[in-house]
Amino acid sequence: MAYDGKDKVLEEVTGKAYEFGFTTEIESDKAPAGLSEDIIRLISAKKEEPDWLLQWRLEAFAVWQTMEEPDWPHLNYEKPDYQAISYYAAPKQKKQLNSLDEVDPELRRTMDKLGISMEEQKRLSGVAVDFVMDSVSVATSFKDKLAELGIIFCSMSEAVKEHPELVRRHLGTVVPTRDNFFSALNSAVFTDGSFCYIPKGVRCPMELSTYFRINESGTGQFERTLVVADEGSYVSYLEGCTAPQRDENQLHAAVVELVALDEAEIKYSTVQNWYPGDAEGKGGVYNFVTKRGICHRRSKISWTQVETGSAVTWKYPSCILKGDHSVGEFYSVAVTNNAQQADTGTKMIHLGKHTHSTIISKGISAGNSHNSYRGLVQIMPSASNARNFSQCDSLLMTDTSGAHTFPYIEVKNPTAQVEHEATTSKIGEDQLFYCLQRGIDAEQAISLIVNGYAKEVLNQLPMEFAVEAQKLLSISLEGSVG
Amino acid sequence: MLKIKELQASIGEAQILKGLNLTINPGEVHAIMGPNGSGKSTLASVLAGREDYEVNGGGVQFNGEDLLEMDATERARSGLFLAFQYPVEIPGVSNINFMRAAVNGKREHQGLEPIKGKEFLDMVKEKAKLVELDGRLRNRSVNEGFSGGEKKRNEIFQMAMLEPNLAILDETDSGLDIDALRIVSEGVNAMRSPERSFLVITHYQRLLEYIVPDFVHVLVDGRIVRSGGKELALELEEKGYDWIKEDAVA
Chain Y
1 MAYDGKDKVL EEVTGKAYEF GFTTEIESDK APAGLSEDII RLISAKKEEP
51 DWLLQWRLEA FAVWQTMEEP DWPHLNYEKP DYQAISYYAA PKQKKQLNSL
101 DEVDPELRRT MDKLGISMEE QKRLSGVAVD FVMDSVSVAT SFKDKLAELG
151 IIFCSMSEAV KEHPELVRRH LGTVVPTRDN FFSALNSAVF TDGSFCYIPK
201 GVRCPMELST YFRINESGTG QFERTLVVAD EGSYVSYLEG CTAPQRDENQ
251 LHAAVVELVA LDEAEIKYST VQNWYPGDAE GKGGVYNFVT KRGICHRRSK
301 ISWTQVETGS AVTWKYPSCI LKGDHSVGEF YSVAVTNNAQ QADTGTKMIH
351 LGKHTHSTII SKGISAGNSH NSYRGLVQIM PSASNARNFS QCDSLLMTDT
401 SGAHTFPYIE VKNPTAQVEH EATTSKIGED QLFYCLQRGI DAEQAISLIV
451 NGYAKEVLNQ LPMEFAVEAQ KLLSISLEGS VG
Chain V
1001 MLKIKELQAS IGEAQILKGL NLTINPGEVH AIMGPNGSGK STLASVLAGR
1051 EDYEVNGGGV QFNGEDLLEM DATERARSGL FLAFQYPVEI PGVSNINFMR
1101 AAVNGKREHQ GLEPIKGKEF LDMVKEKAKL VELDGRLRNR SVNEGFSGGE
1151 KKRNEIFQMA MLEPNLAILD ETDSGLDIDA LRIVSEGVNA MRSPERSFLV
1201 ITHYQRLLEY IVPDFVHVLV DGRIVRSGGK ELALELEEKG YDWIKEDAVA
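Residue numbers (our numbering), protein chains in the order written: chain Y, 1 to 482; chain V, 1001 to 1250.
Quick caveat, the hints were computed from the structure, so don't treat them as lab data. Here the structure is a predicted model, which means the values were calculated and not measured. Hints are not guaranteed to be accurate.
[What the hints assert, rightly or not] Partial chain Y-side listing against chain V, Cβ under 7 angstroms, derived: (1) Phe61; (2) Gln65; (3) Tyr234; (4) Leu376; (5) Gly439; (6) Leu448.
[Claimed, not checked] Not everything, but these chain V residues come out facing chain Y in the computed CB check (under 10 angstroms): (7) Met1001; (8) Gly1049; (9) Arg1050; (10) Leu1080; (11) Phe1081; (12) Val1088; (13) Val1093; (14) Ile1096; (15) Asn1139; (16) Val1142; (17) Asn1189.
[What the hints assert, rightly or not] Take a look, some chain Y residues computed to stay more than 10 angstroms from chain V by CB distance: (18) Ala45; (19) Lys347; (20) Gln437; (21) Ala442.
Glycine included, C-beta positions come from ideal geometry on N, C-alpha and C.
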C-alpha cells in the first residue's frame, strides 16, 4: 500500500542493463587462442621489442607454468581456461595520428558514449588522456607540454622503444614476475599499458589520466603500468575504466608498479566500473590486479580507489615503506551489488624507521553480493617508531549481502603503534525514511546516504574524478535497499 | 485539509489505531495528547507514510486526495511535514545539501526549475533566523553531533524551508530545556497562517502554553475519546488520564 518503492526498485535493478554495455566494431588484428612460448614470441615480435624483454617474458612464462591460481581469497568463481584466451588484439591502425580527427569515427563514438570526449577533457579539465582501446594506445595528448618539463607519459610499448634504459631499470622491481600467479601471467603476456616518469624536483602540473577499456570479445586484458617519480617530484595519476557487455567472462590481470624515490610523492586514483555481469553474475569481468608501490626516504604513495564494477575483484594496492620517514596511504570504496564478489584491501609493509601508514576502507554490499576487506599491516624489526591507523567500515544494503573483514597485523618491533577500527552497519531504514519524509525520492536518498558514508574517501579524489565517482556510486546502487 | 475517517493501523501483530476520526481545517492548530502507548506516534508515522505500519481500515484525505495512495515522498512534496521525535543523523551529508535536495524535490513536484544558488542561500539565512540556527550547524552533517535542542531547532528550520500545508510535530518538546522550548515554539508560531495547519503531538501540557491550540484531542487505546478547546489540556494536566480512560470504557 502506502510505500512500496522497495519492490519496484528491486525489480528495476535486476532488470537493469549495464549502462556502458556496447561494443565497438573495429577490425582487430587478433592472435589465435592459447598461451605458449610461440605466442609470447609473436607478441614480442609484433611490438618490435628488444631481446632482453622477450627473455624476461619467457622467464615469467616459465615461472607461471609452475604456479597455481590462488584459492585463499573469499571468492567463488569458475577459474578461467587460460588456453581459451587470445593474448593479443590490436586495432588495425597503422599510421601515427597527428590529431583526433584522424581517429576512426567508430572509436570516437565509443569515447563519446563513455562521456570522455577528448576535446572537452582537454579544454575543460586540462587532463592529458592516454586512451587505451584494447591493448594499443591510439591517442596521447598533452605530450608536448609535458615534454617541456622532461615528463615522460606514454604507452608502455613506446617507452620500451624510446626509453629502454628507464623501463629496464624499474620494470619488475616492485612486483617481481614470480610475485604471484597473475603477476607472472601479466609479465609473460602484457601487451601495453602506460609509462610515466617525472624528473627530479618536477611537480607535474596536471592530472595524468588513462582510460582503459576492454573491447575485443574473448581477449584478456593485460595492462602494465609503471610510474617512476624521481627525487623530490610529484605526480597525480588517474585511472578510470568501463567495459562493454560480454557473455563470457573476461579476464583482466593488470600490474601497476609505482616507484617513489627520495622525497617524491605519487597519488594514484582509480575509478573502476567494469561490467559486473548480469543479475546472476554471468558474464562479468574478472579483475585480478597486482598494484604495489615502493617508497624511498621521506616519500609518499597514496592509493585511492572507487571500485564498483567487475564480477570478481581481487586487488590489494600496497606500499612497501622502505625509506625512513616514508608514508603510505590507502583510501578505498568498494561497492558490490547483485552477485558481485570483491576481495580487496591493502598491504602496508613497514621497513624504514618512522614510517606511517593510513588505511580507510569503506565497503558497501547490496543484492546478494559479498564484499571482503583483506589487509596486512606488517611492522618489520627495522621499522622503529612505525605507526599505522586502519579503519574498515562496512555498510550492508540488504539482508542477503555479506561483509567480511580479514585484517592481518604483524608487529615485529616493540616501538610500533598500530590502531585498527572496524564497524558494520545496515543502511538505516530510519535515515531513509527521514529523507523520504523531506520529499527526497528513494534513489536520491540512497545516493545521499551512501555518498555521505564514503565521503572521507571521495574527498581524496581530484575534483572532476570525485564528481564522476559520486555518480558511479549512485548508478551502481540504484534501488538496492532491501 | 486533512480528513481522517475510522483509521485503523497495525504493526506486526499489534493493532494500534482502532478507528480514529479527525478533521483539520486550514489554519487550525490541533493538539493530540494521550498516555504512553495510546498510538500518538503511530498516527504521525502512518500519516507520513512509514512502511513499517499496515493500514487495515479507514481512509485519509489530504487536500482532497487519497493520502494513503501516495508514497512517503509524494506526501512530503504535497505539503505534509513531520517534525521527528528523534531526528536522524546522516553522517557525511551536510545539512545544506540535504535541504537543497529536499527543496528541489518539492519544486520538481510543482513543475519548477531547481532553485538558484543565491536564492537558496538567502532563503537559508532568512529561515535559520527563525530558530537561531547558526552557520556552523547549517554546514555540519545532518544532525550529527547536534544536542537534543539543536536537533529540534533543525527540524523547525527544515519545516520553515519546506513551507508545508500541514506540519505534524511529534513530541517536539521532549528533551528540550525551557530556552530551546521557547525558541522552537516561537519558530512554529511565526509560521502560523490561515493556510497552514498544525498537528501537535505531545505528552505534556507545557508545550501548549507556548503553542496555543484551537482544539485538543485525547487519544486512548487507538481512538480519540474526547475533544475540546485548549482548556482540556489544563484539565488533563490536573487530573491525569485515568478519569478519561474510565469514561471511555464506560
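Going through the hints against the structure:
1. Phe61: Check failed: Cβ of Phe61 (chain Y) comes no nearer than 47 angstroms to chain V, outside 7 angstroms.
2. Gln65: violated (48 angstroms)
3. Tyr234: Since the shortest Cβ distance to chain V is 28 angstroms, the answer is violated.
4. Leu376: violated (28 angstroms)
5. Gly439: The hint holds - Gly439 (chain Y) has a Cβ within 7 angstroms of chain V, the shortest such distance being about 4 angstroms.
6. Leu448: At 5 angstroms from the nearest chain V Cβ, Leu448 (chain Y) passes the 7 angstroms test, so the hint holds.
7. Met1001: violated (18 angstroms)
8. Gly1049: holds (5 angstroms)
9. Arg1050: This interface hint holds because 6 angstroms falls under the 10 angstroms limit.
10. Leu1080: This interface hint holds because 8 angstroms falls under the 10 angstroms limit.
11. Phe1081: holds (8 angstroms)
12. Val1088: Constraint on Val1088 (chain V) satisfied, holds at 4 angstroms.
13. Val1093: Nearest chain Y Cβ about 4 angstroms off; hint holds.
14. Ile1096: violated (12 angstroms)
15. Asn1139: violated (14 angstroms)
16. Val1142: Interface hint status for Val1142 (chain V): holds (8 angstroms vs cutoff 10 angstroms).
17. Asn1189: For Asn1189 (chain V), the interface hint is violated, since the closest Cβ of chain Y sits about 22 angstroms away, which is over 10 angstroms.
18. Ala45: holds (53 angstroms)
19. Lys347: holds (27 angstroms)
20. Gln437: violated (5 angstroms)
21. Ala442: For Ala442 (chain Y), whose nearest Cβ neighbour in chain V is about 7 angstroms away, the distance does not exceed 10 angstroms, so it is violated.
Violated hints, in rising order: 1, 2, 3, 4, 7, 14, 15, 17, 20, 21; the structure is consistent with all others.
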